Amino acid sequence: MTDAISSFGAVGRPVSIHTDGAAKARLKGRYRTETWFKWLGAGAVALAGLFLVLLLSTIVTQAIPALRQNYLTLPIDLSAAKVDPAKLDEVNYDAIAQEALAARFPDVTSRQDRRLLRGLISTGTGVFLRKDIAADPGMLGGTVDYAVPVDDFADLYLKGLLADVGSDEAISTSVTPSKTSGDIDLTFGDDAMLALARGRGATEGENGMLTLTSGASSLLVVFNGGTVKLTALWPGPSGTAVAKGTVIEALDSTAPAASGQAFLRVIDTPEASRKISDKEIVWLDTLKSAGQIESRFNSIFFFTGASREPELAGVWGAVVGSFLTMIVTLAIAFPIGVSAAIYLEEFAPKNRLTTIIEVNINNLAAVPSIVFGLLGLAVFLNFFGMPRSAPVVGGMVLALMTLPIIIIASRASLRAVPPSIREAALGIGASKAQTVFHHVLPLAMPGIMTGTILGMAHALGETAPLLMIGMVAFIVDIPGGFTDPATILPVQIFMWADFPEAGFQQKTSAAILILLLFLVIMNAIAVILRRRFERRW
Amino acid sequence: MVGYLVVLLLVLAAAAYWIGRTRAIASVNGDVARLHSLPGQHGMFLALFAAGPALLAILLWSLVTPGIESSIIADRFSSELSGMGIPQVEAFIRDARAMAFGGLVGFADPTKEAAAAVYKSVHTTSTWIIWAVALVLSASGFYWAYSRIAQAYRARHVVERVLRAFLIACSVVAILTTIGIVLSLIFESLRFFQQVPFYKFLFGTHWSPQSAFTGAGAEAGAVNQDIFGMVPLFAGTLLITLIAMLVAAPIGLMAAIYLSDYASKSVRAVAKPVLEILAGIPTVVYGFFAALTVAPYFRGIGESLGLNVASESALAAGVVMGIMIIPFVSSLSDDVINAVPQSLRDGSAGLGATKSETIRKVVLPAALPGIVSAMLLAVSRAIGETMIVVMAAGLAANLTANPLEAVTTVTVQIVTLLVGDQEFDSAKTLAAFALGLVLFCITLTLNIVALRVVQKYREQYD
Chain A
1 MTDAISSFGA VGRPVSIHTD GAAKARLKGR YRTETWFKWL GAGAVALAGL FLVLLLSTIV
61 TQAIPALRQN YLTLPIDLSA AKVDPAKLDE VNYDAIAQEA LAARFPDVTS RQDRRLLRGL
121 ISTGTGVFLR KDIAADPGML GGTVDYAVPV DDFADLYLKG LLADVGSDEA ISTSVTPSKT
181 SGDIDLTFGD DAMLALARGR GATEGENGML TLTSGASSLL VVFNGGTVKL TALWPGPSGT
241 AVAKGTVIEA LDSTAPAASG QAFLRVIDTP EASRKISDKE IVWLDTLKSA GQIESRFNSI
301 FFFTGASREP ELAGVWGAVV GSFLTMIVTL AIAFPIGVSA AIYLEEFAPK NRLTTIIEVN
361 INNLAAVPSI VFGLLGLAVF LNFFGMPRSA PVVGGMVLAL MTLPIIIIAS RASLRAVPPS
421 IREAALGIGA SKAQTVFHHV LPLAMPGIMT GTILGMAHAL GETAPLLMIG MVAFIVDIPG
481 GFTDPATILP VQIFMWADFP EAGFQQKTSA AILILLLFLV IMNAIAVILR RRFERRW
Chain B
1 MVGYLVVLLL VLAAAAYWIG RTRAIASVNG DVARLHSLPG QHGMFLALFA AGPALLAILL
61 WSLVTPGIES SIIADRFSSE LSGMGIPQVE AFIRDARAMA FGGLVGFADP TKEAAAAVYK
121 SVHTTSTWII WAVALVLSAS GFYWAYSRIA QAYRARHVVE RVLRAFLIAC SVVAILTTIG
181 IVLSLIFESL RFFQQVPFYK FLFGTHWSPQ SAFTGAGAEA GAVNQDIFGM VPLFAGTLLI
241 TLIAMLVAAP IGLMAAIYLS DYASKSVRAV AKPVLEILAG IPTVVYGFFA ALTVAPYFRG
301 IGESLGLNVA SESALAAGVV MGIMIIPFVS SLSDDVINAV PQSLRDGSAG LGATKSETIR
361 KVVLPAALPG IVSAMLLAVS RAIGETMIVV MAAGLAANLT ANPLEAVTTV TVQIVTLLVG
421 DQEFDSAKTL AAFALGLVLF CITLTLNIVA LRVVQKYREQ YD
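Here the protein sequences come in this chain order: A and B. Take 1 as the starting number for the first sequence in UniProt numbering and just add one per residue. Take 1 as the starting number for the second sequence in UniProt numbering and just add one per residue.
No wet-lab data here; the hints were simulated from the structure. None of the values given here were measured: they were computed from a predicted structure. Incorrect hints may appear among the rest.
Here are the simulated PhoX-like pairs of lysine-lysine, each with C-alpha atoms no more than 25 Å apart in a straight line [what the hints assert, rightly or not]:
id: 1; chain 1: B; residue 1: LYS456; chain 2: A; residue 2: LYS350
id: 2; chain 1: A; residue 1: LYS279; chain 2: A; residue 2: LYS244
id: 3; chain 1: B; residue 1: LYS355; chain 2: A; residue 2: LYS28
id: 4; chain 1: A; residue 1: LYS279; chain 2: A; residue 2: LYS179
id: 5; chain 1: A; residue 1: LYS38; chain 2: A; residue 2: LYS24
id: 6; chain 1: A; residue 1: LYS24; chain 2: B; residue 2: LYS355
id: 7; chain 1: A; residue 1: LYS131; chain 2: A; residue 2: LYS82
id: 8; chain 1: A; residue 1: LYS24; chain 2: B; residue 2: LYS361
id: 9; chain 1: B; residue 1: LYS355; chain 2: B; residue 2: LYS265
id: 10; chain 1: A; residue 1: LYS38; chain 2: B; residue 2: LYS265
id: 11; chain 1: A; residue 1: LYS288; chain 2: A; residue 2: LYS159
id: 12; chain 1: A; residue 1: LYS244; chain 2: A; residue 2: LYS179
id: 13; chain 1: A; residue 1: LYS279; chain 2: A; residue 2: LYS159
id: 14; chain 1: B; residue 1: LYS272; chain 2: B; residue 2: LYS355
id: 15; chain 1: A; residue 1: LYS350; chain 2: A; residue 2: LYS432
id: 16; chain 1: B; residue 1: LYS456; chain 2: B; residue 2: LYS361
id: 17; chain 1: A; residue 1: LYS38; chain 2: B; residue 2: LYS361
id: 18; chain 1: A; residue 1: LYS38; chain 2: B; residue 2: LYS272
id: 19; chain 1: A; residue 1: LYS275; chain 2: A; residue 2: LYS288
id: 20; chain 1: A; residue 1: LYS38; chain 2: A; residue 2: LYS28
id: 21; chain 1: A; residue 1: LYS131; chain 2: A; residue 2: LYS87
id: 22; chain 1: A; residue 1: LYS38; chain 2: B; residue 2: LYS355
id: 23; chain 1: A; residue 1: LYS275; chain 2: A; residue 2: LYS159
id: 24; chain 1: A; residue 1: LYS28; chain 2: B; residue 2: LYS361
Sequences are here, hints too, so could you generate the full structure?
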């Protein structure tokens, strides 16, 4: 380094404080800071992008399973003995569907197991059946194959979200059962099963006894047309292993299964830490392998109202509620907002009142939305006695909230119309009102529309003020008018997010996806309007 | 019934427009140029007078009648209602109204049925009255305006004056909204402060309004004044806001700097929409994300580090709120940074400063008032934000500065106190309005200060 500088000096440039070693180090440091600063900025932008990707990907991956629903096809006996065509309203349709399911599993006899089995199909089955029979009386009179929605836990299991189930692996030794049903003993040809059970969290007891509690993985042995769940294992005589098990599906015979004829199915998630029992899993797997379970597009979710049962819950009621609310908001906020903007921009004299109005509008735009909810509660509900939970009140509250946004956007748009347009119109004898309504307003309209759509998109996603006016009520019916009790999409999301059932988590994400879809459409329209019609003067 | 009346009046207005127009043209035998006002303006004039007063009367009627009808019912049944409190009377009248209009009520008794019958007859009478009034107003307005239409009549002036009055009325809606907010908050808060002294509310450190009365059950006594201390709520709000700003301020500011001074056009074309999307996502979605993804994640990290993180920690709510505010900070800062004239940057570059030195030593100091104002607005927004904290923050009012613990905020408490069926005049629900008043004052002050900072310290370069 010193050499290099002195050689510089030799050429004739004196070494100064701008070129000496310290200066070079300083410069290097400054450039390093420069790069560092630049990357810090890029990092901030990237971080914001990362947050967005994380947020959207979380929601999309959670929402996808909710778009489909599993249906179980059952042969349902609708003969005159079961369903009297004259008394369709008095029939217990749920019981008919449950009988069909019970007939499918004849060896499920205990009261507890029967109840478990009934729980596999949705509690709304009877309602669907009744509706379909009313729509198509031709179903009556015989046995029909009818698809019923499965319960939410069964549905989640079938979608692979509730338990990790390994594939069936052949057991490379013989298996001999002692009985075909009840609690039985199984004798395995070798002791490989013992090591396997140990690896799956079995509890060690005396004399090499291994107990498979509900905290361990479930080991199911499938052979002879049945399924046995192992509960305990111990070493048998001469290198064999003996297991105690509970038969879940009855075996055909007590004949020993040869090596490779029996299969082992391991459910990794311990029974204690999942919400579906081994029995239900076995039944569902049997139904699935018999081709009785079918995954369909989830029309229940898209076209019905809310419900406490995840598999019956739909967003349509909330979508209709949102739509009604938005109509009210638009009908109030658009005319008032545009009129106010026209007055302030085109007619208003510069006086105290105008200044007060302007300051007011800017302040209103920054008032927290929940305060508008308090206003709605105190004024609309308590003072004017309007109905709770009604779209008309929600729409009015949101309109007051959106008003400043529309006024500010409309004013900007009106201001962008050049004065020459006004002067030309006034010059050929138009009145002030004619100038504004015939010339300025049409030219400002694209900008006003853009601002209005963005304001409406903002209102569509708003939740807090509507909680205040009771739109958080649990409403099953699809609202039919502006004064019917209704809920709206964001509030529905809020309510579902609070429900403890696991099935609702997917539903919530799917509802969020629908809400985001509406917002994307509205914003796209706004962008198109801006691109196509907005003129730069 | 009244809906038909409105439709009828609108049809009348359309007809009046046509009649007025025709009459105006006929008055000059088709020589339109001789009219003072255009035929259409005469039509508008006639339509306004035929339907306007009647529509105003209907508006007034629909605002006033529910109250009058209820008071008539309360008056007629005063002997039956004498033993009831205000909420029961309200419930009684609500049920009577529901029964009168064919709705369903929980349980009906003969008194209610009698009240419903009276209600129905009163309502029918008042509907007849409004029909009669509206039709008389409409007819007389039409007659008066029709007789006025003539060649020299200045219909345009009348129409434009009415139009201007309408425009002014629309602008005043903004003021009315503010007045409505202030009055309703103050009025309800005053009722609250009659029960709980305001110093106990403002400076108390214990908040648990769920046990609003001393004693329990039948022994419930007066309102317990010591459980409405809002200091823990305020502290919780500040803690979450602080965390949010720690996330949003550096990221938002650096993103704004990068986008305005470093980014190429193509980067900007991607990054700007990303920030706009982030800004357009509804807060309830952020809340869901905070409660179901971020909070368990932080809890998991805390567990692996041996820390005890509450499942509704202030950290999770604060961080997600920070993410929500990033685009807000960055777009405001972007405007401010772009407003610094290019000559300042050029001058700095001419002196040999690097870009980052220019930004840190010239642009940022010049833009400082604007940036401070942007941060204040962001704080005001964080304080008023509701859904994220409702879904991800706790309900229990802990007075703590530990971000790993659950805290609650002013907005969360407003929501918890007012959601669900509650008697409206208890101290508990009124407390929500007092909290709302505090919230409104804080955000208003922050906004005004933000505005003043810009006005006072902004440097005029051009």
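ask   = For which of the previously enumerated hints does the structure constitute a violation, in increasing order of number?
value = Violated: none.
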